[in-house]
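S.K.: Below, each chain spelled out in residue letters.
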Amino acid sequence: MSAKKILIVDDDGHLLLGLAAKLKTHGYAVFSAMDGISAMAVARQEVPDLVLLDLGLPGGDGFLVLERLRQMTEFVAIPVIVLSARDPATNKDRALRAGAVAFFQKPPANRELLGAIRNALGEEVALSQFLKT
Amino acid sequence: MILRETEQMEVKRYIPRTESPSCDLGGAGNAIVEIDLSSQERSQLLDVAAWSSMLEIYGRTMKVAVALTDPNGTLLGQCRNAQPIWALVRGATNEKVIGCSFCLTRLSPCTAVADALRTGLPTMTRDQAGLTHVAVPLTLGRHLLGAIIAGQVLDRYPDSLLLERAAKRFGVSFQLLWDLSSKQRPISHVAMQMAGDLLSTLGQAFVRQRYGAILEARIAQTNGRFRSLVEGVTDYALFTTDHVGRVTSWNIGAERMLGYPEATILGQYFSRIFTVDDIEGGVPEKQLLKAYREGRAEDEGWRVREDQTQLWADVIITPLLEEEKADSGFAVVMENVTDRRKAAIELEAARQERINLQERFLSHVSHELRTPLTALYFFITNLLDGVVGDLPLLQREHLEFSLENVKQLRDMVDDLLDVSRIETLKLNVKPRQFVVSRLIEEALRTCRGNAVSKNIRLGSHIASDLPSAWADRARLLQVLVNLIDNAIKFTPDSGAVTLGAQLFADDRSFLCLSVSDTGCGITPDQCEMVFDRLAQVKASTEVSRKGLGLGLFISRELVVQQHGRIWVDSQVGRGSTFSFTVPVFSVATLCESIFTPSNLMAGCVTVIVVDVPPIVGEVQTDYLAEIRAILERSILAGHDLLLPAAADNESATTLFIIACAETSRVEAISSCLREALDDFDCGSRAKPRISATTLRLAANELPWKQRIVDVSRRIEKLIQARLLDKGYLG
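Here the protein sequences line up with chains A and B, keeping their order. So the first sequence is numbered by the numbering used here: it starts at 1 and just counts up by one. So the second sequence is numbered by the numbering used here: it starts at 1001 and just counts up by one.
Only chain A is shown next, with the shape it has when bound in the complex (with noise of 0.2 Å):
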């Protein structure tokens, strides 16, 4: 079985940097985009299982990307995970009803994040079937 394809959207190129290594070692395979448009043309381009979105992005709202994902009939079943530096006090409700599975304020915990990561892809049940045999 391939490895499952991640697309983080994040302008802060550190935090892309870090993140996709630990994602790596999960066994994921890692594409990135640091504005709307180029992560717009990496999802055509690679089609990935997962998006991890960042809200404040250049040359547009991190909202407009989540919006546009859930229009495009090729998008529509990609869960997108929201990575933010924003208050969830504000964010978080208007993010889940536009389709986003769950909602992280930066920093998220590496456990939690992960679980997040797991659970949009599917993967809870054959891992812990995994487990069992």
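No lab work stands behind these hints, which were simulated from the structure alone. It is possible that part of the hints are untrue.
[To be verified] In silico lysine to any residue, SDA-like type, Cα no more than 20 Å apart, as pairs:
{"#": "1", "chain 1": "B", "residue 1": "K1430", "chain 2": "B", "residue 2": "R1305"}
{"#": "2", "chain 1": "A", "residue 1": "K24", "chain 2": "A", "residue 2": "E46"}
{"#": "3", "chain 1": "A", "residue 1": "K4", "chain 2": "A", "residue 2": "E112"}
{"#": "4", "chain 1": "A", "residue 1": "K4", "chain 2": "B", "residue 2": "V1387"}
{"#": "5", "chain 1": "B", "residue 1": "K1342", "chain 2": "B", "residue 2": "R1305"}
{"#": "6", "chain 1": "A", "residue 1": "K24", "chain 2": "A", "residue 2": "A89"}
{"#": "7", "chain 1": "B", "residue 1": "K1407", "chain 2": "A", "residue 2": "E112"}
{"#": "8", "chain 1": "A", "residue 1": "K24", "chain 2": "B", "residue 2": "L1383"}
{"#": "9", "chain 1": "A", "residue 1": "K92", "chain 2": "B", "residue 2": "H1364"}
{"#": "10", "chain 1": "A", "residue 1": "K92", "chain 2": "B", "residue 2": "N1428"}
{"#": "11", "chain 1": "B", "residue 1": "K1407", "chain 2": "A", "residue 2": "F104"}
{"#": "12", "chain 1": "B", "residue 1": "K1407", "chain 2": "A", "residue 2": "N110"}
{"#": "13", "chain 1": "B", "residue 1": "K1407", "chain 2": "B", "residue 2": "G1449"}
{"#": "14", "chain 1": "B", "residue 1": "K1183", "chain 2": "B", "residue 2": "P1158"}
{"#": "15", "chain 1": "B", "residue 1": "K1430", "chain 2": "A", "residue 2": "D87"}
{"#": "16", "chain 1": "B", "residue 1": "K1454", "chain 2": "B", "residue 2": "C1520"}
Could you slot chain B onto chain A? The hints should help.
M.R.: For chain B alone, coordinates are given in the frame of chain A:
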């Protein structure tokens, strides 16, 4: 008439048949009213010119001489209608008469006027020439004004011998005296008494009439002064209205302030100077009612000028009281304080602006620190996880310290955000019912790591049978964790930190949670200020200085916003106990809004229970939220209440509706719920089950409040029983 030198003074007094007129001015009863009179007004009362025609007519009608005197008996003006005998004798004699101008001669001075004034009664005297006069006192309240003397008449037919002696005595012609005496008809004492009586009545009535004139003059003067004062006031609007609020007077200040000329506003309702919203809200009427009931109504608010511009006015309305008639109308005094108001608004705006700026800055800082912090966190954890290869032990140790510091930084950034929310009142708390013991377990779990690393014993004492709490669980966890972390931080190695929970002794509608440590303690003067913003006890800084010192400030705000309080008891060197209170979950409190007398007219309350069948291994939060939304739509706001998630977790699948309704409406609600749930796509899940229990209110003789408390208790028991069945509360 016989003149006898030796004749004793003859003074006769009599009681008038009517009540003494001198007491009449007191109004009802005999009370004498204190009347203030200036000396000028006193002399006005006995102004001879005013009295002259009355005295003249009286003298001629009664055929007596009459004169006005001051209190000493001195004549004021002339004696009117002087009688011929008296005139003849008076003209002929040089004898001086003391005390009374009417006496021709006496053995002792005549005291008729003084006696009359002293006794308040008419006093009759006969002089040695055989002529009689009566002195009538003139009084007003306690003021002795003077007297009227009337007389100079014979009281019997004279004989020639007496006249002869009198003529000789006074040196007048006997023939002349005889002629005059035979022409005059004597007036008997009885007739004289009646004449005195009449004169007394007339005199007092005239005094009162004169006094009335003086009062009128005074009122006119006062009114004139008041009018010129009122009209001259330009800085205040002064106007009066009748009892329903129609303008009856309007000063120049009102015209200037509000624009309406007096002519256009008179007779109009004063409500036209109110804003449309105030008029619709019945504010003008309410203010008049308040002034009428309480004697005064004060208000500050917007008023509308004739040109529809607005001003901010300070208004005082007082009822006008005329002769104890309470509905005489109202006086309104208005001051234009728009400038003051503007200044206050600007000040508030500036304050708000400063807070906004501060909030923006804090939230900006908090926001901007997060991304680099995240990158740092990822790199450090990557290194520790061996993502870029294995690490020697020492490097690993250093990285672990770095990670600790990153976590501290994260907490500070969170605190900054919380503080900015507190400052802008954006800190939202969402209360729900939860079990405190579980919250404490969770807090202990969270802090265990820190405690273990310092070898600190972490324990708890939780009272049994604690009622559940009603608060924002996550926020309270934050407070608890903060207090425990602080306690661990300020407690030396091998110390102990203990959590406690019990009913609050001072007020059993609260729980009291506490965190005790065996740390360095705080001095009493510092106990007050540890909760202040950016306060960190100085003495403790040597022990450890971590964080921004915002934790206790945030904790206090969180507790206070949930209606609790927080405080610290401490002994230096022995340790500190931080305590805070949390409201107990109470159905009664939640139901207060719907338990109104009209809602409970039917005398019963129904608990509708909606059981949502759970499906194992599935996240149900969204599904339950949708069911809740359906329930919310199916009930009548203000009559029924959907209780919040009633257990410790949000996925509680039993929901409760309290309905103030009798059986027929409960059936209507239930069928409405069923319909709504039928329309709702439950997917593969079983449909929710609906059941209802109706509780009757206790007997009528109990006070209303007690009946409400009783029924709330019964509802609570019912709910607890259902939740226990389900295993949500344990």
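S.K.: Could you tell me which of the numbered hints above are not met by this structure, giving the numbers in increasing order?
M.R.: 1 and 6
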